[in-house]
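Undergrad: Here's the letter readout for the chains.
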Amino acid sequence: MSAIETILVAMLAGCLRVSTPFLFVSLGECLTEKSGRINLGNEGALVLGAMVAYAVSYQTGNPWLGVLGGAAAGGALGLLHGGLCTLARVNDVAMGIAIMLAGTGMAFFFGKPYVQPSAPQLPSIPLGFWSDVPRIRSALNVSPLFFLGIAAAFGLYYIFRGTRMGLRIRIVGDSADAARALGLPIERIRLFATGAGSALAGIGGAFLSLSYPGSWNEGLSSGQGLMAVALVVFARWNPLACIGAALLFGAAGALGPSLQTVGITWGYYLFYAAPYVATLVMLIVTVAPGRALAGMPGELSIGR
Amino acid sequence: MTAIELQQAASLPAPARDADRFYPLRRAAEAVVFPLAALVIALALFSVFLLALGKSPGTFFWLVWRGAFASAFSLQNTLQRAAPLLLTSLCVAIPAQLGLVIIGGEGAVLMGGLAAVVATYPLQTAPGWLLDGLMAIAGCAGGGAWIGLTGLLRTKRGINETIVSLVLYYIALAVFNHLVEGVLRDPASLNKPSTYAIPPQAHIPSLFGTELHPGLPVGILACIAAWVLITRTTTGFAARMTGGNMRAAQLQGLPVQRLMIGACVLGGACAGLAGMIEIAAVQDRANSSLAAGYGFTGILIAFLARHNSLAIMPMAVLLGGVGAAGGLLQRRLDLPDASVLVLQGLIFVCILASDTMYGRIGWFQPARGRA
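Going down the list, the protein sequences come from chains R and U. Each residue of the first sequence is one higher than the one before, starting from 1 at the first, in full-length UniProt numbering. Each residue of the second sequence is one higher than the one before, starting from 1 at the first, in full-length UniProt numbering.
Fair warning: there could be bad hints in the mix.
Stated by the list, open to error - Computed beta-carbon distance windows for the label pairs:
1) W130/R / G327/U: 54 to 60 Å
2) L221/U / S138/R: 29 to 35 Å
3) S189/U / L293/R: 45 to 51 Å
4) N217/R / Y121/U: 33 to 39 Å
5) D337/U / P257/R: 26 to 32 Å
6) T286/R / Q252/U: 40 to 46 Å
7) R331/U / L87/R: 35 to 41 Å
8) L87/R / L310/U: 23 to 29 Å
9) Q76/U / L87/R: 36 to 42 Å
10) F22/U / T286/R: 51 to 57 Å
11) W130/R / L45/U: 41 to 47 Å
12) R331/U / G298/R: 51 to 57 Å
Said to hold, decoys possible - Only part of the chain R face toward chain U is listed, based on derived beta-carbon distances under 10 Å:
13) I38
14) A102
15) M106
16) V277
17) L283
The set of hints was computed from the structure by calculation and includes no laboratory data. It should be emphasised that the depicted structure is a prediction, and the values quoted were computed from it without experimental measurement. Glycine included, C-beta positions come from ideal geometry on N, C-alpha and C.
Please put together the full structure from these sequences, using the hints given.
TA: Structure (structure tokens):
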């Protein structure tokens with residue numbers, strides 16, 4: 001294989017792997033923000049989810065139970081955030097940072113004994129069976145969680161578009177006054193959306209510890225949970241667009257390691273920053289001053 | 001609105017004050033009681049957490065006391081840790097006056113430290129005081145530019161400053177690593193990639209035979225200066241007014257955009273100065289030790305102090321002390337170092353949740369309102 005081909009295959013592989021946690025966290029953030037609340041604590045849900053998933057998988061021997069555990073841990077943290085934000089005058093952005101600190105602290109605290117042992121990993125689907133090239137075969141070993149994430153994106157899209165529940169979430173997120181006039185239980189709906197959103201973030205964390213990179217340590221997350229907020233802006237609060245945004249981020253994140261496979265090590269750290277530069281550029285390009293973005297929930301505190 | 005009119009508006013007596021002479025006292029009491037209560041609740045929750053793990057909370061707090069404040073050595077350790085935190089907290093507290101939530105102070109620390117190191121390279125033989133002055137200017141400029149960019153993007157493009165400052169932190173970290181392990185790397189630093197050291201005459205000595213370096217007085221002065229700026233000048237009043245109601249401030253013709261960018265530059269300069277002092281007084285060279293999380297702890301301190309620059313000082317000492325006691329806790333109680341993170345997280349959550357209590361308890365309200 002030529003160098004270009006090697007890079008492309010490595011990027012494809014990296015893209016499919018790196019994008020999955022981004023996909024889950026951004027879907028979770030999208031759901032929460034659609035209800036009119038922002039949750040920076042999803043970073044904490046991601047890290048805690050990763051730790052709990054790894055621990056459960058190690059203790060039970062079943063990685064799928066680990067994924068469930070990760071979702072439950074993330075969801076619990078989300079409910080805590082959602083519950084505290086229902087109190088009057090509590091700032092959801094600042095509380096998100098606090099929840100992030102508390103969540104990562106808990107994860108590091110209880111995760112100490114799990115840094116060494118290796119837990120059973122999630123199986124991957126060998127989609128590269130048709131190829132004889134080992135690189136392509138390993139590149140196309142895709143985690144089932146990736147497809148679950150795609151399915152969740154379509155599911156969320158359908159919920160927002162075609163169901164009563166989705167309509168209620170959107171009303172609460174767009175105008176609390178309208179929701180109040182309709183007699184909707186605003187706080188309960190937001191609590192649900194925050195909890196469910198953080199549960200999705202927890203699954204994203206489970207992917208990190210049980211699939212790729214597939215181990216538990218304190219440097220596992222590189223801020224995916226926070227980048228998700230920017231991703232959702234880029235995706236214009238559309239779950240289907242979240243897929244594209246996550247893949248784009250995955251590709252940017254895979255750039256540095258891919259170049260390394262062909263021996264280009266110059267600027268390794270700079271390429272590491274590629275997803276962040278991409279976020280910044282994308283925010284500068286897509287956000288315009290003085291007018292609301294299409295699809296942005298009206299109640300969102302970052303918009304006011 | 002001219003500056004004089006603004007001053008008049010600031011000194012106008014509120015109706016509530018006429019009715020209740022003790023209102024300022026009540027309000028001050030409210031501002032002290034709630035954070036303290038939140039702190040106590042957080043410590044109580046943490047005690048429950050320790051009890052659930054079969055550890056003694058009494059031992060924990062005693063060890064924190066011993067490791068942080070009990071001896072001259074531990075007190076010096078605490079104050080030394082608190083010094084950079086004073087400055088990085090200002091990076092959060094100053095922009096917060098305008099309602100901006102900046103969480104990327106760590107990026108400004110890195111950029112400030114790096115700029116300070118680079119500033120010494122062309123002038124290897126210059127006198128120490130000149131180099132230190134240059135380093136301080138470069139540090140402030142590096143940090144100020146970094147957070148100022150956040151303010152610029154916020155005002156000119158309307159991008160959320162919290163996210164931008166965080167993204168810029170990751171970019172700063174990448175640039176820092178790239179330079180420290182690339183062109184600026186001293187080939188002699190094998191195990192821990194570092195830049196070339198600053199000239200020896202630029203090293204800032206400790207104060208009066210103690211372990212303390214001048215970062216502490218600089219930080220205290222900066223906190224006092226920020227307090228004067230925010231509470232005693234028209235610029236500070238304009239900034240607080242913008243934070244209270246941006247639209248009203250715009251209607252009054254206040255230069256909201258310039259105030260925002262200015263606050264960001266000022267905050268970033270403080271964080272950059274923290275990086276410079278770490279280099280000049282402690283490390284002598286830039287390496288990964290600079291990314292020790294001062295910027296992130298600063299966020300916590302600023303929120304604990306409710307963005308009051310004077311309250312930052314005790315809070316920075318408190319958290320510096322908890323950090324200083326970390327090693328002792330690990331050895332004596334066999335607790336992982338993350339227990340400090342858990343404690344910090346609990347305190348942070350409780351303090352923020354206590355925001356809901358303001359204005360709810362009658363005694364703290366003006367007498368007329370209570371009737």
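Undergrad: Failing hints, ascending?
TA: 2, 6, 11
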